[in-house]
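Engineer: Here is what each chain is made of, one letter per residue.
Number of protein chains: 2
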Amino acid sequence: MEIDIQFVPSPPSPGILSNRAVVVIDVLRATSVMVHALSQGALEIIPVATVEEAFQTAKSFAPGTALLGGERESKRIPGFDLGNSPREYVSGKVNGKRLILTTTNGTKAFHLVSSGEEIIVGSFLNIRATAQRCFGLDRDLLLFPSGDKGNFSLEDTVCGGMLIDLILGKGRKPIVLTDASRAAHILYEQFKANLVEALRLSNHGKDLIDLGLGDDLPYCSQTDITSLVPIYKEGVIRAH
Amino acid sequence: MEIDIQFVPSPPSPGILSNRAVVVIDVLRATSVMVHALSQGALEIIPVATVEEAFQTAKSFAPGTALLGGERESKRIPGFDLGNSPREYVSGKVNGKRLILTTTNGTKAFHLVSSGEEIIVGSFLNIRATAQRCFGLDRDLLLFPSGDKGNFSLEDTVCGGMLIDLILGKGRKPIVLTDASRAAHILYEQFKANLVEALRLSNHGKDLIDLGLGDDLPYCSQTDITSLVPIYKEGVIRAH
Chain A
0 MEIDIQFVPS
10 PPSPGILSNR
20 AVVVIDVLRA
30 TSVMVHALSQ
40 GALEIIPVAT
50 VEEAFQTAKS
60 FAPGTALLGG
70 ERESKRIPGF
80 DLGNSPREYV
90 SGKVNGKRLI
100 LTTTNGTKAF
110 HLVSSGEEII
120 VGSFLNIRAT
130 AQRCFGLDRD
140 LLLFPSGDKG
150 NFSLEDTVCG
160 GMLIDLILGK
170 GRKPIVLTDA
180 SRAAHILYEQ
190 FKANLVEALR
200 LSNHGKDLID
210 LGLGDDLPYC
220 SQTDITSLVP
230 IYKEGVIRAH
Chain B
0 MEIDIQFVPS
10 PPSPGILSNR
20 AVVVIDVLRA
30 TSVMVHALSQ
40 GALEIIPVAT
50 VEEAFQTAKS
60 FAPGTALLGG
70 ERESKRIPGF
80 DLGNSPREYV
90 SGKVNGKRLI
100 LTTTNGTKAF
110 HLVSSGEEII
120 VGSFLNIRAT
130 AQRCFGLDRD
140 LLLFPSGDKG
150 NFSLEDTVCG
160 GMLIDLILGK
170 GRKPIVLTDA
180 SRAAHILYEQ
190 FKANLVEALR
200 LSNHGKDLID
210 LGLGDDLPYC
220 SQTDITSLVP
230 IYKEGVIRAH
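Those protein sequences? They're chains A and B, same order as listed.
Start counting the first sequence at 0; every next residue gets the next number (numbering that gives the first Met the number 0).
Start counting the second sequence at 0; every next residue gets the next number (numbering that gives the first Met the number 0).
Hints listed in this document are in silico derivations from the structure and should not be mistaken for laboratory results.
Certain hints may be false.
Because identical chains share one entry, a pair is satisfied inside a single copy or across any pair of copies.
[Claimed, not checked] List time: in silico DSSO-like cross-link candidates among lysine-lysine, alpha-carbon distance up to 27 Å:
hint, residue 1, residue 2
1, Lys58, Lys205
2, Lys205, Lys148
3, Lys232, Lys191
4, Lys169, Lys205
5, Lys191, Lys58
6, Lys205, Lys172
7, Lys148, Lys232
8, Lys172, Lys58
9, Lys148, Lys92
10, Lys169, Lys148
11, Lys92, Lys169
12, Lys169, Lys191
13, Lys205, Lys232
Just chain A, with the same shape it has in the complex (with noise of 0.2 Å):
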């Protein structure tokens, strides 16, 4: 069983993904979000990639049973009804609802693996039951940070390397490390005493701070709130 990490996300390399599981990581926040709000009893989510396929998207189901979220350049977006703050997603509002999601970075990630074997939502809220999922699919793996406008992510990475080390404990089976998979979890080991410092040192953490929702970095450095495993299946995310 191989662990590789792709650092930037551009399209994978053709072939790459053919019988590979993926875990698609972006702690602030997308996946975040959607591994919240269906712990919080949503009942699947649908990610897109523009602010239009959204407000189009919502059109095909019936009134009052979808919501719009997500963001563009962090804020929420006018005529949605919710942000891209975990926080946001609790039970009243989400519990039975369908939600439609547009995010920067997030939701095209999706998109850019879904030809991978098993695409799984992976976030610090989730770790945990998603390293048992992935020990136990014993295939290989990629590892997909959405990154930070297409650009290397520090917290995503450092959230990769953590899922690494679980599956790494876990110790009944040779596991293979790429270059890419050792250094993300080298980043990890430097900040698994203190997750949030990652999340406070990466330029998207330090964006979000400056734009008063700094409270969503130690909400998305929680570990294991929940043990569901989003999946991401023929376009829509449902809870394993």
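Once you've looked at the hints, dock chain B against the given chain A.
Structural biologist: Okay, now just chain B, sitting in the frame of chain A:
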């Protein structure tokens, strides 16, 4: 002054190279060979992409004045004078000669960044002088690891991280790090007491050990055996 590092050797985004100095790093082994060869008296180095182009380029020089060097699958190319081990490039062979070099990763990297404002050849062998040069230029910097067959390379990134550390250590001007350069710096700090360990753990380092070329690892992880800073300009690398 911003320091960024591009973890994967794909063509940089348009515009990113204008007004930036670039440091190309291929610890194992192209930039180590270049720095070593020039320190041993080689006249200049012409990096070319293909074996055919190397033979073709050689024809344009008087017999006996140019040497062919490089590798494919880490081995010397049939008909070439030298392989890709810096230990081969000693004064007795290269002094006063022009070198035509083709390697799997390193020589290609120069062509990818050829529109940079200044293109510096970096390695552990000349790292302090390279840091001094970068600091003196006082412009934004892109570190460009040559990677391992298009993938992230641990040893090049650790070398980039050491360069960042040395530049930060000069401490007289504000330096902005990106998430990627911050990660490279953290990775360097993990290996700084034992640089050769980063080379031994790396995918490419392991390949070289398997091929009986393991002695190149400690050789290429020596720091500051020369103060030369080679510059790539108009297709040719010369000592600054």
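Engineer: The structure should be examined with respect to each hint, and the outcome stated for every one.
Structural biologist: A quick look at each hint next to the structure:
1. Lys58 <-> Lys205: neither (36 Å within a copy, 56 Å between copies)
2. Lys205 <-> Lys148: within (14 Å within a copy, 34 Å between copies)
3. Lys232 <-> Lys191: neither (31 Å within a copy, 44 Å between copies)
4. Lys169 <-> Lys205: Answer is between; shortest inter-copy Cα gap is 25 Å, intra-copy 34 Å.
5. Lys191 <-> Lys58: This pair counts as neither: shortest intra-copy Cα distance 44 Å, inter-copy 57 Å.
6. Lys205 <-> Lys172: between (39 Å within a copy, 21 Å between copies)
7. Lys148 <-> Lys232: Within one copy only: 24 Å inside, 32 Å across.
8. Lys172 <-> Lys58: Neither, since 48 Å and 54 Å both go past 27 Å.
9. Lys148 <-> Lys92: This pair counts as neither: shortest intra-copy Cα distance 29 Å, inter-copy 49 Å.
10. Lys169 <-> Lys148: neither (34 Å within a copy, 31 Å between copies)
11. Lys92 <-> Lys169: neither (37 Å within a copy, 53 Å between copies)
12. Lys169 <-> Lys191: within (18 Å within a copy, 30 Å between copies)
13. Lys205 <-> Lys232: Intra 33 Å, inter 38 Å, cutoff 27 Å: neither.
Violated hints, listed in ascending order, are 1, 3, 5, 8, 9, 10, 11, 13; each of the other numbered hints is respected by the structure.
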